[in-house]
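Chains as they are written, first to last, in our numbering: chain D, 2 to 479; chain U, 2 to 479; chain S, 2 to 479; chain F, 2 to 479.
Incorrect hints may appear among the rest.
Remember, identical chains collapse to one label, so a pair may be satisfied in a single copy or spanning two.
What the hints assert, rightly or not - In silico BS3-like cross-links for lysine-lysine, where the CA-CA straight-line distance does not exceed 25 Å:
#1 Lys-191 / Lys-112
#2 Lys-136 / Lys-191
#3 Lys-155 / Lys-112
#4 Lys-136 / Lys-155
#5 Lys-191 / Lys-155
#6 Lys-401 / Lys-155
What the hints contain is simulated information worked out from the structure, not anything from laboratory work. Here the structure is a predicted model, which is why all the values come from computation and not from measurement.
As a plain string of letters, each chain reads:
There are 4 protein chains.
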Amino acid sequence: MTTRKTEPPCEAAGAGLPTPLVAPPDADARSPVQDARFPFGASMRAGSDFLGDLFGRIADAGKFLTGLNETREADLTGLCDTLVSGRGEATGLAIACTILDRYAALTPAQKAAFFGVLSARFGVDLEALRAAYDKLQGGDAAAARAVHVAAEPKSQELLRRLNRAPGGTARLVAMRADLLEALPERPDLKPLDEDFRHLFTSWFNRGFLHLRRIDWGTSALILEKIIRFEAVHAIQGWDDLRRRVAASDRRLYGFFHPALPDEPLVFVEVALTDQVPAAIGPILAEDRTPLDPAGASTAVFYSISNCQAGLRGVSFGSFLIKQVVEDLRREFAGLRTFVTLSPVPGLRAWAGAAAAGGQLPDTLAAAVAVLEADQTAADGDAALAQTLAELAARYLVTEKAARGGARDAVARFHLGNGARLERLNIGADKSARGRGNAWGVMVNYLYDLDAIERNHETYAGTGEVVCARSVRRLIKAG
Amino acid sequence: MTTRKTEPPCEAAGAGLPTPLVAPPDADARSPVQDARFPFGASMRAGSDFLGDLFGRIADAGKFLTGLNETREADLTGLCDTLVSGRGEATGLAIACTILDRYAALTPAQKAAFFGVLSARFGVDLEALRAAYDKLQGGDAAAARAVHVAAEPKSQELLRRLNRAPGGTARLVAMRADLLEALPERPDLKPLDEDFRHLFTSWFNRGFLHLRRIDWGTSALILEKIIRFEAVHAIQGWDDLRRRVAASDRRLYGFFHPALPDEPLVFVEVALTDQVPAAIGPILAEDRTPLDPAGASTAVFYSISNCQAGLRGVSFGSFLIKQVVEDLRREFAGLRTFVTLSPVPGLRAWAGAAAAGGQLPDTLAAAVAVLEADQTAADGDAALAQTLAELAARYLVTEKAARGGARDAVARFHLGNGARLERLNIGADKSARGRGNAWGVMVNYLYDLDAIERNHETYAGTGEVVCARSVRRLIKAG
Amino acid sequence: MTTRKTEPPCEAAGAGLPTPLVAPPDADARSPVQDARFPFGASMRAGSDFLGDLFGRIADAGKFLTGLNETREADLTGLCDTLVSGRGEATGLAIACTILDRYAALTPAQKAAFFGVLSARFGVDLEALRAAYDKLQGGDAAAARAVHVAAEPKSQELLRRLNRAPGGTARLVAMRADLLEALPERPDLKPLDEDFRHLFTSWFNRGFLHLRRIDWGTSALILEKIIRFEAVHAIQGWDDLRRRVAASDRRLYGFFHPALPDEPLVFVEVALTDQVPAAIGPILAEDRTPLDPAGASTAVFYSISNCQAGLRGVSFGSFLIKQVVEDLRREFAGLRTFVTLSPVPGLRAWAGAAAAGGQLPDTLAAAVAVLEADQTAADGDAALAQTLAELAARYLVTEKAARGGARDAVARFHLGNGARLERLNIGADKSARGRGNAWGVMVNYLYDLDAIERNHETYAGTGEVVCARSVRRLIKAG
Amino acid sequence: MTTRKTEPPCEAAGAGLPTPLVAPPDADARSPVQDARFPFGASMRAGSDFLGDLFGRIADAGKFLTGLNETREADLTGLCDTLVSGRGEATGLAIACTILDRYAALTPAQKAAFFGVLSARFGVDLEALRAAYDKLQGGDAAAARAVHVAAEPKSQELLRRLNRAPGGTARLVAMRADLLEALPERPDLKPLDEDFRHLFTSWFNRGFLHLRRIDWGTSALILEKIIRFEAVHAIQGWDDLRRRVAASDRRLYGFFHPALPDEPLVFVEVALTDQVPAAIGPILAEDRTPLDPAGASTAVFYSISNCQAGLRGVSFGSFLIKQVVEDLRREFAGLRTFVTLSPVPGLRAWAGAAAAGGQLPDTLAAAVAVLEADQTAADGDAALAQTLAELAARYLVTEKAARGGARDAVARFHLGNGARLERLNIGADKSARGRGNAWGVMVNYLYDLDAIERNHETYAGTGEVVCARSVRRLIKAG
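Required output: the full structure, derived from the provided sequences and hints.
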């Protein structure tokens, strides 16, 4: 189907300027927020058109919008100048709306250019900063805060004013996703990205988020995003989704922000079981028999996925897990154990490098060689499985990241939350990805509310990975 | 009725620490947010108890909460240290909750003392600031932003982390209301107040606000706040309220923030009429006959009130009026004129001082004397009324505030929004307040969407008050 | 305030016929549904106008609406003929709407006349009934049902078709309220009333009702109806209401029907206490200290009120109490006792008559005389109080209604529900009504879920009043 | 996936009786209401468990439930006796719940047997009927209504009482679906079915229904039912559904009843176009370009489907179309034409029989033969297409059903609604079904609000099919 160009919401609402809006030749659907909110050319849900008449008239008058016939980026820059300056204050929303519309119509290259202009033009006012700093004497609190104010990049005020537009938050999140895509080739934009991140951290404060259960009574609009953004164990269409959200022993929860009501920010999938699971296959199986959740003893977090590329670096996952633990405890009195079934994404890469670098004992290096030759080799080979377990334990427990903490990213997340590395499971993930990343090894991290603070303190303070004795014993054996 | 002490929400949820919570001896109902949200001892509406068990255990373990037996403020300071430091990160919400609970139980004097500690302890890290500044050379964007980061007072991070707690936003707004009360005697707390204002400006961005019509189908919880916070023409109980929200030719709209769902931030009262009104009495009359709104030509904004003391300096009124204008235009095609009926709060005080200082022409000074002798003197005296009109026009059009703009606060607000001073109305407000502030004079400011940008530019650029020729002519006559 | 005439919703929506709609000269606010739903001239909430254009055109064509210039009732009759006949089927909703509008504009006398016409014209088709009956032979099920169909009064089909109109259900409930008012002088309308009752019993089936808690977050629209319809212990304005719905130890629940979303059908007020109450005063006191509901042992139903005059004879109260018992049990695990504090409305009237008729023992008759001389006589007189208790026990336990069951209406309701007469309370209601009806006596009926079925069986089967031994002992003493 | 047996909601809620509930060996998913409401073993959404304790105790006492160890049907009969009799009134809901649970666990054969018992046992009380009839003299309205009351089959009261149970309405609708399945082999159950139909007609009165737009923001729970119940042009999975509900020029509306909130009763699919469509293919095409709905001139109803087998004979479709016409007119001012694109389901069957019976002119009979040999023959053959048009026009315009009205069921529906047969479209439906039923012919019926009443009167009064002159001319040519 030839999808009709999604009309930018403000433009659609009649806030258009005389210059015709040209669809970007290479527009794609990369930005989840944008295309998700306005599917199929549908207009915004509410109220975006209230600026139409207002803006139309101003635009006709043409007062502050000189230079509109120049290049698009120049227009945008001028509009941003106006918005930040406070000129045109009476119609600030209309200007913000126009900037966001125009921005949305840019090509990726134009966007990158626009970011460059933004970064250069809306940075810190160095004169003002120096003047403020010069007044800083002794330890005067007011003077120090004045330095802070003087040192604020103008881009932050610009972003705050853009956010006033209807749908502004969603569009700024999409804008940052674009920026993050541009970043690898434009490291100079890093400070601008920090401005986004700083504001988003404040706006997406956990206190503003709502936990919602996502089930079969949820809108298709949201459900299709769950399908799209599941990043750990891909969802194979609507039937698979139905099994994950509608079975009596399955739950799926997400955090939402009021300004993005149809956009999950992060979600977690939970299986209620009668034991700590040792493999992902039975959890995802099509033909399994659901459990009566009232009889479940264990809640298994088997997948956590972030949804918004534009919110990278704004962390919600830790809050989500703890909130879900509490909610499940209240709903099901029989639950005693809260545990993950997690991948070990960096195992194989690390092991290969360590073997190549001669950093592994011979038995382990030999095992790596066998597994590289046949990723399934440990399946029926108890000795190899035991060696693989030792290898994994060593990786998870003793290997550190350059910036501290566990080397494995997933381990770092859960250990930082105060979880304990509870158990290794060999042959737990027989998918191509599971084999390819970790020869099928998965891990259970245990969330024991009585211990998470102590665990966290230990891990954060000493760097020591908190793990079950049985896991540590694997290494001692090595 | 002896109202039982409102339990702080987190405490109520079981997140209590061993130290017993003592009700403040002089607790009052000053803070609108707090007592409004938890009326009559009712517990929080949702989800506040999820930290109960978690926190209980941690508290029992007592690990990071050393010093709990010391004074309350010291406890609070220590908890704030912990929260900002990131120690106790795994249980940050529980700590935030405890801080907010403890804070709520302080006396005003204890609160002021706590603010003093906060201000001193969570200020800018001057060493870090100097180090960052020293790296600032040339105009490196990243280095300049690093100064900004280094110059951030720690109080801002503290407030962001407190905001994570359930109900945190409402409680921080209440906390700032306390701070504003303490400010007159503690000017040293001004920088701390700026931290609040800075964050609130970001959090209460217009893009996050929702416009809601408030009518007779609205909850009593919200309606009673309308009664309480109406600051211009006091609402005389529920029957009066009903007339203002439920009559066919009346509207009341407010802005709400998702984190304070039952708290109007600011609201505006509108009368739909068939002419620009010259007096407030007929609008508020008990026995009037409502108009068919479909036939109305004019929307009159006759009262705008802010509700949240803790949000002082975070401006919404301008956005509110413009949004309501747009919404009404869509709903009622017949509306042609959008106008206020506004008080002139500073007229009499200015006139008295000017007369005393000999700055008025004799006729005006004489009129002041007559009016001071009898505030109603102009009622039946056409000549005096004419002189009073001249006096008012002179005050509104030519008198400037020290920091620029019109001297009258209400005039400053509407002129800054791009409205035009349209008409003076003598004898328009016969209430005690109306007489006492302005000998009964009221003003219409006109919101003409075709002109507001131009008006704003003129006013902001030149300082000239934009007004109707008929108003200006009054002065020329003088 | 001169309330503008409430426009009938359909008429307002443009469905009007050429004949001008004249406001009834003696229109009053008697019908709760009508005036409550359209307060202050506000139009209907949703969708009532969809028939406007449709109807306008048909009316212009004037095809089926012959006789429109005759008297109003004749018009209505003709429209009803058309609606029932199925002529005009394509536009049945518009006709139904017009009938309801026209009806609403009638005077009470015109309404009674209209009911008379309805009753005569839309009765049973006797010919058809006889024909169907003649085919009834043996016990053929189909033939018997055919008699049922043939015997259906046409008024039922008329009511069903009127109900199709937007807001039809509310307007039919209001219509029956009118009919019930007319009934005392028009006993011939009783069969028509039965048609209403029959349909309402089906439409207001308990399966269609929703239980809603009513609290301070409920709309003023509903809350003001609670004030208006409280029939047992009058609510003294909004502050009193607030105490009854917003205190931590108070609950108020109502049944609602989806077609009347803002109309409570019946509601019950509950106090959570730590003992079975012996008087109403402390429950309603302004200055009491609320109890922590988590510590409550007892739920007291201290008032049950029906709201819809038009639903007389359609019973909900029994379902309401039982549902609330279940809901409270789930919410508060500590609740052990569910009990009423009920008036004894018929005590004094019965006692006076019995004394006058010589049917009372001398001691009781003497007590009646004393109490008639001074309704408060028992207050400080233990012996008289004891005699009054005996009198009340005798009345409640041994006196039967003509049609069976307890003589006292409130007793009949609770005993029929399976409750037990648990305790008499002398001096329990010191209000004028309480004194006037029962010299201040109130009663606790106990809802013991373990026993209600057995109690009901006993009471329904044998007529014996189920009561506590202590109550029965009072009589034996007599 | 082995779907776990859906627990009946009441039973799940703890209202179970001692007798174990056995899953029916041949339980299938035939009943849409039941399996849709409780997908995947999920329990009922709200409040079903409130009867648990209550019922448990009563059941233990075992008072009225004698004979529980006998056969299941006997149990059910006894419970039904109890429910109707009013014995056990205090616990009527629990009994109703048990009956519905037990019923749900029966096999189809057991259900049919149960219906037989119901029909025989809960029929009309003939003695009472005769007694009432004997009192009928003259034309006494009360006596005639007494006959009606006496003639009511007890099954109706039974159904009303069953409806009181939580979820009762949905379960009764499912029960009738079972009954309709049994009916072909059990014509004696027809009167019982009439009882259901009679009550459902009252309960599903149009006044109780809500129109809802169904779009991509609707729950998957409802959307999957749209996929399942689309009966005209099958929906090919979720992507096809998305095109039909989320494209800017598509709408889908359904009627809902408050007691079945997640169950569409009937729905209609609408395409907004710029001309009256001549074929279904372009409307359903995957790769079409959506139209800007603001520019649409025509609304095309291209599919109407009933969803609830148990509501057969309770008609909503006419109301639905007219309501949607009104709603669309309000939303899109540019719409001028409301038209269907409808199948002609009976054309080929009729033509074949008529040809075989020698009732067709030779040219038509010959065309039938050609078309039977090759269903696509008319595609490129203009002469044959013309003859096929004549054949279709003759079928639609002149052929009558045995019970009157047009012979074609779809024609009968739309003509009865007051629509006009506007145009024949040859080669309009190239699907297997379209070819198989009508050699690809489709029809446009025009809904002209100015004419529908007149059209209806003509059609209903004279039986004449209202059609465009161009259609009639086709026949005259023949």
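Structure-based check of each hint:
For the identical chains of this complex, Lys-191 and Lys-112 are intra-copy neighbours only, at 15 Å inside a copy versus 41 Å across copies, given an alpha-carbon limit of 25 Å. When the C-alpha separation of Lys-136 and Lys-191 is checked against a cutoff of 25 Å, the pair qualifies only between copies, where the shortest distance is 17 Å, while the shortest distance within a copy is 30 Å. Within a single copy, Lys-155 and Lys-112 get their C-alpha atoms as close as 19 Å, which meets the 25 Å cut-off; across copies the closest is 35 Å, which misses it. Taking the closest pair of Cα atoms, Lys-136 and Lys-155 come within 25 Å of each other both inside a single copy (21 Å) and across two copies (20 Å).
In this assembly of identical chains, the alpha carbons of Lys-191 and Lys-155 lie at most 25 Å apart whether taken from the same copy (15 Å) or from different copies (23 Å). Taking the shortest alpha-carbon separations for Lys-401 and Lys-155, neither the intra-copy value of 39 Å nor the inter-copy value of 30 Å comes in at or below 25 Å.
Violation of the numbered hints given earlier is confined to hint 6; every other hint is satisfied by the structure.
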